[in-house]
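Q: Sequence:
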Amino acid sequence: MYAPEVEGSARNSERGQGLVEYGLVIILVAIVIVAILAVLGPQISNLYSRVTSGIGGT
24 MYAPEVEGSA RNSERGQGLV EYGLVIILVA IVIVAILAVL GPQISNLYSR VTSGIGGT
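Note that the numbering used here numbers the sequence shown so that position 17 is 40, with each residue one more than the last.
No lab work stands behind these hints: they were computed from the structure.
Backbone N, C-alpha and C define an ideal beta-carbon position, used for all residues, glycine too.
A portion of the hints provided could be inaccurate.
Derived CB-CB ranges, DEER-like [stated by the list, open to error]:
1. Tyr-71 x Tyr-45: 46 to 56 Å
2. Gly-41 x Val-74: 35 to 45 Å
3. Ser-36 x Ala-58: 26 to 36 Å
4. Ser-76 x Ile-56: 42 to 52 Å
5. Gly-77 x Val-55: 26 to 36 Å
6. Ser-72 x Val-48: 49 to 59 Å
Work the whole structure out from these sequences, hints included.
A: Structural data, given as structure tokens:
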């Protein structure tokens, strides 16, 4: 009777591990996006300003 309890516990542990791994991947992707926006932010802002000026100016 002890073996099924251990097996179930191991299964729950693996599910928790998978959840943590997905969480870490999501956090890593978010950090990369923030870093890209921090580096390219001024260029994106400039492009947006030129586009809106072009639309409004013609």
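Q: Can you give the numbers of the hints that this structure goes against, from lowest to highest?
A: 1, 4, 6
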